[in-house]
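K.L.:
Line order of the protein sequences matches chains L and A.
Mapping of the first sequence onto our numbering: residues 112 to 539, in sequence order.
Mapping of the second sequence onto our numbering: residues 5 to 287, in sequence order.
Honestly, the hints are just simulated from the structure, not real lab data.
One or more hints might be untrue.
[Stated by the list, open to error] With a straight-line Cα cutoff of 30 angstroms, these simulated DSS-like cross-link-like pairs (lysine-lysine) come out: (1) L:Lys-247 <-> L:Lys-348; (2) L:Lys-246 <-> A:Lys-51; (3) L:Lys-259 <-> A:Lys-51; (4) A:Lys-36 <-> L:Lys-118; (5) A:Lys-281 <-> L:Lys-259; (6) A:Lys-195 <-> L:Lys-348; (7) A:Lys-55 <-> L:Lys-272; (8) A:Lys-195 <-> L:Lys-139; (9) A:Lys-51 <-> L:Lys-348; (10) L:Lys-246 <-> A:Lys-55; (11) A:Lys-281 <-> L:Lys-246; (12) L:Lys-247 <-> A:Lys-195; (13) L:Lys-265 <-> A:Lys-55; (14) A:Lys-281 <-> L:Lys-118.
[Unchecked claim] Pair by pair, the computed Cβ-Cβ distance ranges are: (15) L:Asp-251 <-> A:Ala-166: 13 to 21 angstroms; (16) L:Glu-256 <-> A:Trp-63: 48 to 56 angstroms; (17) A:Arg-197 <-> L:Gly-277: 32 to 40 angstroms; (18) L:Phe-166 <-> A:Leu-122: 17 to 25 angstroms; (19) A:Ala-167 <-> L:Asp-251: 37 to 45 angstroms; (20) L:Gly-323 <-> A:Glu-37: 17 to 25 angstroms; (21) A:Ile-222 <-> L:Phe-166: 54 to 62 angstroms; (22) L:Val-145 <-> A:Leu-223: 24 to 32 angstroms; (23) L:Glu-264 <-> A:Val-168: 47 to 55 angstroms; (24) A:Leu-122 <-> L:Lys-259: 25 to 33 angstroms; (25) A:Leu-223 <-> L:Asp-268: 49 to 57 angstroms; (26) L:Asp-251 <-> A:Trp-63: 30 to 38 angstroms; (27) A:Glu-37 <-> L:Arg-233: 21 to 29 angstroms.
Don't be surprised by glycine CBs; every beta carbon is placed ideally from N, CA and C.
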Amino acid sequence: MTSQKEKPIIEVRHLFKEYRIGMDKTYKTLAGSVSDAARHPVKTLRDLRAPKDTFQALSDVNFEVERGEALGVIGRNGAGKSTLLKLLSRITYPTMGEVIMRGRVGSLLEVGTGFHQELTGRENIYFNGAILGMKKREIDAKFDEIVKFSGVEKFLDTPVKRYSSGMQVRLAFSVAAHLEPEILLVDEVLAVGDAEFQKKCMGKMGEVADEGRTVLFVSHNMNAIERLCKRCILLEKGSIVQEGSDVSQIVKDYLYPQKEGILPSQWINDGNEFQNPWFEPKKMFVTDSFGNPLSNPISNDQDVWLQIEGSIETPDPALDIGYVMYTEENATLYWSSLYDHEESKWPVFSQGNATLKTKIPKRFLNEEIYKIELYSSLYQRMWIIEPGKYSPSLNLQIQGGLSDSPYWVERRDGVIAPLMEWKGMMKD
Amino acid sequence: MGNSTMTKDTPDFELIIRPKYGLLDLNWRELKEYHELLYFLALRELKIRYKQTAMGASWAVLQPLFTMIIFSLIFGGLAQMPSEGIPYPLFSYSGLLLWIYFQNALTLSGNSLVENHLLLSKVYLPRLFIPTAPGLAGLVDYAVAMIILAAMMVYYQFMPTAAVFLLPVILLLTLLLVAGMGYWLSAVCVKYRDVKFVLPFFIQILMFISPVIYPSSILGENLQWLLSLNPLTSLINAHRAVLLGHAPVDYPGLAMSAAITLLIFISGIVYLRQTEKYFADLV
């Protein structure tokens, strides 16, 4: 290219998108609107001028994307990621601000939009391609490639209503994957389907990024973001809170919003919290089998011990201590209590400092960030520390060491990833 | 890869997305870029229609044919409706041919945006094309139904005059009228869902104020201006006149109709462009 510095391929300036709350719930009827206006002319006029209840899906978003860059967009549900993509792909329009795009835009927000069940695979390839912005001669040129990638050669002249849903998705993705825009907008919806299909999608995405095309990638799949994107922005409540090329750091900050950036694998009482005579927690942390403190991330090939320390002033035989394990999505994975075993194994406490240890077995949790919350109570009488309210907590970030098998090295779907025993035998 | 020509041809291509655009700020470049999509939309419209109905293409013939027979029995036979000196079946069919094209295309066009809500909320394409496609697709049905008219003209021994060269102009104007009304109605339908139910009624009334089953001469001289406000009046009259050659073409009326049609067409584009920004938020 020229020596002159190129303008960024995407410029987003002071972008705002506002939705009216309640507007979308019911469709308006013309008859209703007219009769309302006729019956309550004053109210209608006042309503028109009155400020509406609004929801800011995006507020003052600014960023630029250079040609050939792969930018990841992350954030929680409702942070504005999808709205941003919808604005960039002109499905909806901003309330304020502007976007400048210097290249042909293609978006993969939804696979198979415009597929018509009555039409054949061949017809749908052309129609879908045209919807995605391809020209007929482009589709002609890539037709064989598309068909081959999808693997539906035999059913090309069958209406797609006779296809299995898997075949439809494959065909739709093949069309979309052969789109060659300069700017590609991708939403994570692509990551539906079975593992093999996901891999195929990811492979294609990587290819696109390697070819030097500009990709804007929205996903919840942090592995994919880290793998594909050289730069990333983190959205929170419609604003960019972090932006930069240290993708893994931003991903971490997103997964656990903490100033330091490292997930706390310990909790220490600052001295005046949770004061009570029965059990006052002082410290909670995780160690390996030898008692050495562990810090996140933790490999899944070792047992992890949760150590809880606290002081007891008034011993009570009903004292129950335990923890609740939460998944990344804040769903309860399980509860565990020191009373879970037979009575003979229950510890007996006296006045003084108590230490409790409990094992979280290796190869039980998945590659994920879990939260452990301490709870304690007087059995059947009262909560001392109630989980889900405000209680001591720490994070357990499991990474790697899923198994020793060469076939199981990547994260599998699921909230846990237990290594189960298998036996195989032949009948005579 | 073979298709990276875009970058070379258009190094300074800029697409600016802003909350508002001007009244007639059409992106011609983009319409040109996507023009094949319009063709595909029309083609899809046809294919689906012809595949979903058991009778396929014959439907395009049967609808005007049966309507003509019924009208001939009731209006031509029982009511003794005047028909500008030509056999009533021929009179009504030549009107129905254009009318049924208009009616079917407008119904489909008016509902097109709501029906294609997935296209609106999931992908970008020039929205203008969606209500335009039914008008284009309908021309094929029109051509098929024309065969019957040709047969009837042979039977009744009518020959088109040289004025038949005007037929493409009349069809183009009808297409623009359908498209323009379709832009208005489809955009209103997105916002107000009850319009959908009013639409057939509206179209029915339109037929009765157009000279489909009666000649416009049955209204007295002093009421002709009323009929001429309806752009369909001159279109249907001219359509009949150029095909059957039984009467001269009313050029001033056709010009007036063209003006109103263009007004509806252009204002329809403006209205659709102004409202399309919120379609995805509404559907």
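K.L.:
Which numbered hints does this structure break?
P.N.:
1, 5, 9, 12, 15, 16
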